[in-house]
Amino acid sequence: MYRSIDDLESLYAAIVSSASQSAGAQTVMLLVPPELDAVCACKLLVSQLRIDYIAHRILPVSSYSDIRQACHDLPNLPDVSSIILINCGGMLPVGLLPNQRVYVIESRRPLNLDNLFASEYVYVVDGDGMVDRDLVEERDAYVAMVGADDDEDDDEDDNDQDEDEDLDIVEEDDDDDDDGFASDPDDTSASSTRRKRKRPRTSSPERTGRDTARADENDKGGNDNDDDDTDVDADESTSAGPKSPIFEPPPNQEDKENLGAFSTAALASGLPSSPSRSRSRPRSRSRQRDQFATIDSASSSSDTDQDDSNNDRPPLWPPRHPPRANARAHTSLALAPLIFNYYGQGTWLGTASALIMYRLITQLGRATPDAAWLAAVGVTAQAVNEEIARARYEACMSELDADIAQMVHTAQAAGAGAGAGAGVVSRATVDWRLPLYRHWSLLDALTCARGPAARLATWTEQGISRIRYLFAKLGVPLDEYSKPYVHMDKRARGVVDMQLAGEAPTVGLDPQGLQWKCVTRSTGEGKVVSAADVVDAVAAIASGGLPAAAMTTQGMLTGIGADAFYAMMGALGSDVQVGRGIEAAKCMVKETMRVAGTLITRRAIKTLRGLRYVLVRDVGDAMGALRTPWGVKQLALALGAALREVGRADLPLVVGVLQPRTGGAEAAAAASVEGDDDEPEGMVKRNKVGLAFQYAAADVQARVAQEWFDPSVLWIDKEDVTDFLEVLQGRLAAPE
Numbered sequence: 001m002y003r004s005i006d007d008l009e010s011l012y013a014a015i016v017s018s019a020s021q022s023a024g025a026q027t028v029m030l031l032v033p034p035e036l037d038a039v040c041a042c043k044l045l046v047s048q049l050r051i052d053y054i055a056h057r058i059l060p061v062s063s064y065s066d067i068r069q070a071c072h073d074l075p076n077l078p079d080v081s082s083i084i085l086i087n088c089g090g091m092l093p094v095g096l097l098p099n100q101r102v103y104v105i106e107s108r109r110p111l112n113l114d115n116l117f118a119s120e121y122v123y124v125v126d127g128d129g130m131v132d133r134d135l136v137e138e139r140d141a142y143v144a145m146v147g148a149d150d151d152e153d154d155d156e157d158d159n160d161q162d163e164d165e166d167l168d169i170v171e172e173d174d175d176d177d178d179d180g181f182a183s184d185p186d187d188t189s190a191s192s193t194r195r196k197r198k199r200p201r202t203s204s205p206e207r208t209g210r211d212t213a214r215a216d217e218n219d220k221g222g223n224d225n226d227d228d229d230t231d232v233d234a235d236e237s238t239s240a241g242p243k244s245p246i247f248e249p250p251p252n253q254e255d256k257e258n259l260g261a262f263s264t265a266a267l268a269s270g271l272p273s274s275p276s277r278s279r280s281r282p283r284s285r286s287r288q289r290d291q292f293a294t295i296d297s298a299s300s301s302s303d304t305d306q307d308d309s310n311n312d313r314p315p316l317w318p319p320r321h322p323p324r325a326n327a328r329a330h331t332s333l334a335l336a337p338l339i340f341n342y343y344g345q346g347t348w349l350g351t352a353s354a355l356i357m358y359r360l361i362t363q364l365g366r367a368t369p370d371a372a373w374l375a376a377v378g379v380t381a382q383a384v385n386e387e388i389a390r391a392r393y394e395a396c397m398s399e400l401d402a403d404i405a406q407m408v409h410t411a412q413a414a415g416a417g418a419g420a421g422a423g424v425v426s427r428a429t430v431d432w433r434l435p436l437y438r439h440w441s442l443l444d445a446l447t448c449a450r451g452p453a454a455r456l457a458t459w460t461e462q463g464i465s466r467i468r469y470l471f472a473k474l475g476v477p478l479d480e481y482s483k484p485y486v487h488m489d490k491r492a493r494g495v496v497d498m499q500l501a502g503e504a505p506t507v508g509l510d511p512q513g514l515q516w517k518c519v520t521r522s523t524g525e526g527k528v529v530s531a532a533d534v535v536d537a538v539a540a541i542a543s544g545g546l547p548a549a550a551m552t553t554q555g556m557l558t559g560i561g562a563d564a565f566y567a568m569m570g571a572l573g574s575d576v577q578v579g580r581g582i583e584a585a586k587c588m589v590k591e592t593m594r595v596a597g598t599l600i601t602r603r604a605i606k607t608l609r610g611l612r613y614v615l616v617r618d619v620g621d622a623m624g625a626l627r628t629p630w631g632v633k634q635l636a637l638a639l640g641a642a643l644r645e646v647g648r649a650d651l652p653l654v655v656g657v658l659q660p661r662t663g664g665a666e667a668a669a670a671a672s673v674e675g676d677d678d679e680p681e682g683m684v685k686r687n688k689v690g691l692a693f694q695y696a697a698a699d700v701q702a703r704v705a706q707e708w709f710d711p712s713v714l715w716i717d718k719e720d721v722t723d724f725l726e727v728l729q730g731r732l733a734a735p736e
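Under full-length UniProt numbering, residues 1 to 736 are what the sequence shown spells out, in order.
Please note: incorrect hints may appear among the correct ones.
As the list claims (entries may be wrong) - Below 20 angstroms or equal to it, Euclidean Cα-Cα: the simulated PhoX-like pairs (lysine-lysine) are:
1. K606 with K483
2. K527 with K490
3. K473 with K483
4. K606 with K527
5. K590 with K606
6. K527 with K483
Treat the hints as calculated values from the structure; they're not laboratory data.
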């Protein structure tokens, strides 16, 4: 179920209360991916758990398989009562766990409707009020499709009583409990002697189509796999509740061919991992009407009939009231397009998880400038990746600025001082939107900034000449703007700060695009770093972009996974590591822009029927910068900015980089920042390529992996790239 931002304090109190019942044990588990927004949110939440002396365990996850493994390890962690998923579980149905409550802090959209409306033990924080504001129709449709009205439940209870009588007779002759669900030997109540029927549960709309495919396979293959199915069911019966759908394998190719329209939901929400063939997991048959209801389709009655008859279900089907079942099926068909459109609208970002955790801290009355700083870094990470619109970013910065101003005023009133010493966080002020400009020259910053670089084509000599002309108009000599910014003459630096925005239109630059609000912080070395600087620095550290001499820890040698996560956690708390990361970030930014310029100059971007794509086979020294999903996405954003400048952003852009170390290619899809007329105000254009990625991979049975939880970033085997692109362009070209 969903909870608004105002309920954060009560949710946190519930976590603390459940943890206090097992003093000294690790009762809280945090699952966090190596993404900057998630890591900032994790640090903020952990700081509060430590204040309240709550023992906790942080588990880095980089894929859905990691989450599945965490679930499998839960029996070895009996004291865990609360599981918190940060930016890694909101787009797929979480389901139920035996003895834990699950809390989902998610910035990605669309959120899974099962998590929002179906489960009593899964709490999703709606950080921006989206559910009550934008999902009224979807919520009503979902409730109608799962048959949640009281009259329907009453009719089913009457049906169950009749069916249970017949089931008692069957069970007298079947002591082996073929479906793998043994009754509780300690339960002597009358209800324990009856096996209740459960309506076919669909934790997401994909389940109906997947179950249909399994029924078809059973018809073709008979009951040859009955023994295997019984074993799986018996294993599942060891838990008190059904396995979480997020831990199920994706549909295989035969499932994909038989998928009904409901499969759009799961695929649109970023169905993880490879669609390679694997044995489908039998459905659980224990009934939990409170938790999940049914999404029926017109053919669900007959398909379910086949499915159950091939799984040793007593012959009580079809249901005793087919007219009412048919009415529900027609209702589902009528409401299905609304659900399809919700899941198929593409992916986008809502309120940053770091900002949500900061709001929790403010509700607890524990806000500090350091907490506001981490929240600012999380929000800025979204803006740097062009995942939120400028209007939303500015609103978040204004909110944080007001809080910082209040804290500074309180500190001054208390006599604590508010100087510019180490660690002091400054208010959000207008700053240059130029990467790392405080740490190298203005010439380098303008050359490598995505917007100005795309407008001026700074990878060409003509583009560099335009920058020189701009500074000549300002009266700043070449030797001044070519030296590090902090070493510039104060008078020249003052001229730049005062007049650069005014003179920018003379060379075609948008003065508004050169500036934005940003929070800054002073370091122990007397330097000033902005939140944007930290975003680039920490990303470089996590991507293994440090020079060889600076790679002193294993966490800096890998691009993803636990090592990257701990490297990011360490960097956010160390000015020294941030300084090293800034040096690495300068190399990465420069190499990324060099590769982008080379690809544009060579006209390497190809146009197909439904997309534009570029496949990078050899980038030389820049391979280190592009060996991770983060680096590939930065390249996609740089190329996307260049395409917008020439009016060619009408088609999706897919960028692939061959990775020799893995034998595959890392593919990323860039979404436009401009948006369409259909987009809500303040929203970026929603990225629909993630859905097409999953469909195309399933169509060609490509070997793929999702190293991030972002559906628009995908690893694909090198041998499958050609077929994958061919099918992908057909998918994207097809009318919606």
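Hint by hint, here is what the structure shows:
1. K606 with K483: The given pair, whose Cα atoms are some 38 angstroms apart, is violated under the 20 angstroms limit.
2. K527 with K490: holds (16 angstroms)
3. K473 with K483: Holds, because 18 angstroms separates the two Cα atoms, which is no more than 20 angstroms.
4. K606 with K527: The given pair, whose Cα atoms are some 44 angstroms apart, is violated under the 20 angstroms limit.
5. K590 with K606: Roughly 24 angstroms separates the two Cα atoms, so the pair is violated.
6. K527 with K483: holds (17 angstroms)
Checked against the numbered hints above, the structure breaks hints 1, 4, 5 and satisfies the rest.
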